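Peer 1: Spelled out, the chains give:
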Amino acid sequence: DVKVTQSSRYLVKRTGEKVFLECVQDMDHENMFWYRQDPGLGLRLIYFSYDVKMKEKGDIPEGYSVSREKKERFSLILESASTNQTSMYLCASRSGQLAGGSYNEQFFGPGTRLTVL
Amino acid sequence: GNSVTQMEGPVTLSEEAFLTINCTYTATGYPSLFWYVQYPGEGLQLLLKATKADDKGSNKGFEATYRKETTSFHLEKGSVQVSDSAVYFCALIEFGGYNKLIFGAGTRLAVHP
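Protein chains in written order, with our numbering: chain F, 1 to 117; chain R, 118 to 230.
It is worth saying that the hints were derived from the structure and are not from the lab. On a predicted model such as this, the values are computed, not experimentally measured, just so you know. Keep in mind that a hint or two might mislead.
As the list claims (entries may be wrong) - Result set (BS3-like, lysine-lysine): computed pairs, CA atoms no more than 27 Å apart in a straight line: (1) 185/R / 3/F; (2) 13/F / 185/R; (3) 71/F / 18/F; (4) 194/R / 173/R.
What the hints assert, rightly or not - Listed next, the stretches of chain F that the computed footprint assigns to chain R, with coverage defined by at least 3 CB atoms under 8 Å from CB atoms of chain R: (5) 48-56; (6) 108-114.
For every residue, glycine included, the Cβ atom is placed at its ideal position computed from N, Cα and C.
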């Protein structure tokens, strides 16, 4: 069974703390993604990575950074957490290059619900 | 840019009722279209997909047809069950560049016995 795991299901942090969210996939996927999910807004892409040590900004990268030192692991970092970063964070992974309009299914982790007080 | 619009929820139905969740999209070119489902406490999982006009995706009794003329991909099920209670997301993939998925806002479905 394919699997994307996230280090915590629930996390409570204080304003100004540095927060690390970890994601691990066991499918040898090249592409990994971090989204945040908020009611009425759907999923918004924060950052993604298409290879080790490579990263690209998504739609809402402000206040976040990422790290991908190993293929299976993609970390999301909140350098100084703020209350407006309280949200559900979802990690996803997907296999490599697409060709001819084909699509490789994107697999999601269970999510981390982060509360910043 | 490309976007996806879904009907607002929540949608509340009785068991065995007919379900329709509307989804329309704006895209340049010919995107592929998807429905993802998120059950309580879980991540998203792919429910069905369609890759070209007039394709019908189907899975677990759910269906959606890719309608290019109306830029729509409405989700339907003939008889819902309590276990179908979840949040449903319509999405498209923007080919070219990094092939990013673009999601709608999600529609919560609650099915009562």
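Peer 1: Now tell me, hint by hint, if it's right for this structure.
Peer 2: Status of the hints after comparison with the structure:
1. Distance hint between residue 185/R and residue 3/F is unfulfilled; the C-alpha atoms sit about 34 Å from each other, more than 27 Å.
2. For the hint linking residue 13/F to residue 185/R, the alpha-carbon distance of about 46 Å lies beyond 27 Å, and the restraint is violated.
3. The suggested pairing of residue 71/F with residue 18/F holds, with an alpha-carbon distance near 23 Å, which does not exceed 27 Å.
4. As the CA atoms of residue 194/R and residue 173/R are separated by approximately 13 Å, the hinted pair is consistent with the 27 Å bound.
5. Under a criterion of three residues with beta carbons nearer than 8 Å to beta carbons of chain R, the stated coverage of the segment 48-56 of chain F is upheld, 3 such residues being counted.
6. Counting residues of the segment 108-114 of chain F whose C-beta sits closer than 8 Å to any C-beta of chain R gives 4, which meets the bar of three, so the coverage hint holds.
Violated hints, in rising order: 1 and 2; the structure is consistent with all others.
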